[in-house]
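> Which chain is which? The protein sequence lines are Y and U, in order. The first sequence maps to residues 1 to 205 in the working numbering. The second sequence maps to residues 1001 to 1220 in the working numbering.
These are calculated hints, taken from the structure and not from any lab test. Think of the CB as a built atom: it goes at the ideal place given N, C-alpha and C, for glycine as much as any other residue. Hints are all accurate, no fakes.
If we take Cβ atoms under 10 Å as the criterion, some of the chain Y residues that face chain U in the derived model are:
1. S55
2. N85
3. A87
Residue strings, one per chain:
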Amino acid sequence: MIGALSGALVDQAFARRTEPTRALGRDAEAVGRACYDMAQRFHRGGRLLCFGNGSAAADAAHIVVEFVHPVIMGKRALPAISLSNDAATMSGIARLGGVEDSFAAQLRLLAAADDIALGISADGQCPNVARALETARDAGLLTVALVGGDGGQIAKMPKLDHVLVARSDDPRVVKEIHVTTYHVLWELVHVFFEQPGVLAPQVLG
Amino acid sequence: MTGFESLYPFLYSGKTDVDAVLAQVSRSTAEKTEEITRLRADVLELYRDRFLECADAMAQRFAAGGRLFTFGNGGSSTDAQAVAELFQDPGPGAQPLPAAALTTDVAVLTALANDVSFDVVFARSLAANGRSGDIALGLSTSGGSENVLRGFTEATRRGMLTIGLAGYDGGKMVEAGTIDYLFVMPSASVHRIQEAQTTSYHVLWELTQLALADSPLSRR
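Extracted from the complex, chain Y is given alone in its bound form (with noise of 0.2 Å):
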């Protein structure tokens, strides 16, 4: 049993995370220019889509609940919908369409130009992520992908908005990042949208 196990290894499990979280703090300023896309789109009237598949979803549902009921006091709610959370609708759609229309063929009906799609995919090579990234990207929605190890057949589609990639290529570690990457991405987006000149139509031109 665990008596074979040793301190060590909870030592090795931590310390995983600590070469691609500098990474991150690394990549601080792409992090940046997403959330300034993203309040522009808000500030239009845009709303967030997000979508992702396995822990992903969860992930996806996480991020919605950041932005419709902020953890800071007097932050205003911003309108965000997650596709992956409807059983019915998921499965639905899977059994006609296939399971690479899932996220697609919703985005098709729900989605309005001036929305934000973001996808999660912690190799990047998740069919159904990568079909509706294309579908939003087509339909003229601000994209952004968040993905991981080398960023997968994702971070290969072209004219992608924002592609931001944890990097690891451990799904749990990679989570981990996309975790922290999400919580900045609700904050800052607030920053700017709480900037009234920075979001003025003069420098949307």
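Knowing the structure of chain Y, use the given hints to seat chain U on it.
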């Protein structure tokens, strides 16, 4: 100045230079990554041995046929879901283990909230589904969520192994006396607390897998 104002003084300075704001938010992001790294180091120092003991206890329950039930509110409900998903569907090289998030059944949640009270949603679900060999894992950033506390009370009553993840000073979860293994993330930021909790349950999962691999009970 409010906390937010002191973090982002440029908001109130009358400047509208986008590049200046970008530079400031970049520094803010880098600071947050340092903050979570320090918090993880604190959690490791506080709980190194407890993580091992807790994972051992979880492995023993799983090896004997126990199941994991997870619960929390808001962002923590999504963590509950992520924990259940990770244990059931860990990917190649790891053993899938039975787990269910109590937060995902909207029919049960709304029925209990509508007919009784939101305070009982997890306790009643555990009363219906939990057995003595099972595991209850609840998350609350404040440590004060009434329905999470009541969930632990019911789980303890049924003889389940109870594991809690909290933040700040642990709130009522510290005093409850119903949580076998309590991990308190010592931070005042809900966001950093959630991030450290995510690391904590990932590490617990990893250690549980290692403990199970060592367990003669699990060799089937």
